[in-house]
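Going by the working numbering, 1092 is the number at position 497 of the sequence shown; the sequence numbering is gapless.
These are calculated hints, taken from the structure and not from any lab test. Built from N, CA and C at the ideal position, the CB exists for glycine as well. Misleading hints may appear alongside valid ones.
[Unchecked claim] Pairwise CB distance ranges, derived in the manner of DEER restraints: (1) Gly797 to Lys857: 30 to 36 Å; (2) Lys840 to Gly880: 14 to 20 Å; (3) Thr940 to Lys807: 22 to 28 Å; (4) Leu776 to Lys917: 52 to 58 Å; (5) Lys924 to Leu856: 31 to 37 Å; (6) Ala651 to Gly797: 48 to 54 Å; (7) Asp640 to Leu963: 47 to 53 Å; (8) Gln815 to Asn621: 35 to 41 Å; (9) Gln687 to Gly960: 44 to 50 Å.
[Stated by the list, open to error] Only pairs whose alpha carbons sit at most 30 Å apart, straight line, appear in this in silico DSSO-like list of lysine-lysine: (10) Lys740 to Lys638; (11) Lys891 to Lys636; (12) Lys851 to Lys807.
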Amino acid sequence: CCFSQKKANTRDSLLNVLALQKEDSNKVNTLVELSGFLNKKEKPDSAIYFAEQAKALSLQLNFKNGMARTFICLGNAYEKQQNPEKALDCAQQALKLFTEIKNRPGIASALNNLGNANKNMGHYEDALNFHLRALKVRIEINDKKGMAGSYNNLGNAYKNLGKNPEALKNHLASLALKEELKDKAGIATSYNNIGNVYNGSGDDESAIKNFKKAIEIRVQLGDKRGLSDSYNNLANSYRHIKKYKEALDNFTESLKMREELKDKRSIAASYINIAGVYNDQMLLGLALENALKAFKIQEGLKDPVLLAVTCLSMASVYAKQKKFNEAIKYGLKALEVNTRTGDLTEIMKCETLLSDAYEQKNETGPALKHYKMYIKLRDSLENKTNTRKIVEMEKDYDYGKKQAIAKAGEEKREALAHEESRRQRMIIVSISIVLLLAACFGFFSYRSFLQKKKTNKELVLQKNIIEEKQKEILDSIRYAKRIQTALLTSEQYIKRKLNETKKS
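Assemble the whole structure, with the sequences as input and the hints as a guide.
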């Protein structure tokens, strides 16, 4: 069960804790923990017993979270009891309560359980949708362990729908997360499921390789249930490559473990598989004996998928025994159930078997009808495959287109940002140049002012000097003139005296 308190991990210690607790929410939590522990130990009856106690106390306390967790545990137990209708109801109740209290991890767990219940009822498309919703929530809350589980369940859902590439993709995603989390049990489950996908794709060599990896880990862990599945799957691959002894040995080993686990559905599946090995070898008595054992077990189970597989197995044996009426009876029953579940691959097997059986009875009308239906379904399946490829191509194109648009937008934004940056740089440079020029102009203006001031000062000084010099010159001239005047007077006097001498 989910939401472990991580306080006690054994039945006895949980019971000891329980005995000391009051009738409060803590006791509900312990009851839920105990129920989950018993579920893991393959004891669904005991798990239900304690979950019902938790449910009653939660109702009394109006403890919605406890009630929701109780429904998760009850659903898990009913799933182990092969009661998908009750498991579905519990998951719906849990989803309602978790949604009311806005518990997102709980919502994811409830959606996951709804997916599992729908898968067990043969509603594969519904199962896929619920697992996709669970994955979405788990991604949003970054629940890696939950994501690994959802990818695993999606892989199984896609495989049930015949979409092996999608199945493999999801199982590989699950494996990667489990390796990151070092979840050995989960890693083994992924190897087992990857093997199943390869098995369904006809790649038995890869299938066997992965099944053996799963078995190696599960032996180390002592995982009996997991080992029973891996031995069963390994046997199927050996059957495909006609290694019937190896197939029968592994189917028998798987059956023995399933009987120890008292897993009725899995026991019935083992008998069907063993019947198939004997059928392939034309050991029809042994084949029918095992098919009838499976049919008897499944009558007590409400499992449409198991019913359809069992009926088809019996029809195949009866057809080889030339008991065509019996073959047609069980073939029609298998067809009816597979039509409800929508499993096209199984429907095609039914149509082929019925067409051959009617032809052997010389009933050409029904033989032709079922043959035409087989052809129609085959073409439909091929068209679906082609359409899916086209859709995937369109998705790839649309994605590429969106990426191109996004890239163009990003480039445009980068270009605009670059242009804006360039413009800003230009503005800064321009302002810097203007400021520099202004500074230079100011410097030179100030320098010119100083120079001019200095020049003016020099001019004034020069003017004063010139004026002083001019004054000195004028004074000299005046002085010279006086001397000249004086000289002229003396000269006149001498001349006059000389003339006077001559006259005397």
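- Would you list, in rising numerical order, the hints stated earlier that this structure does not obey? none
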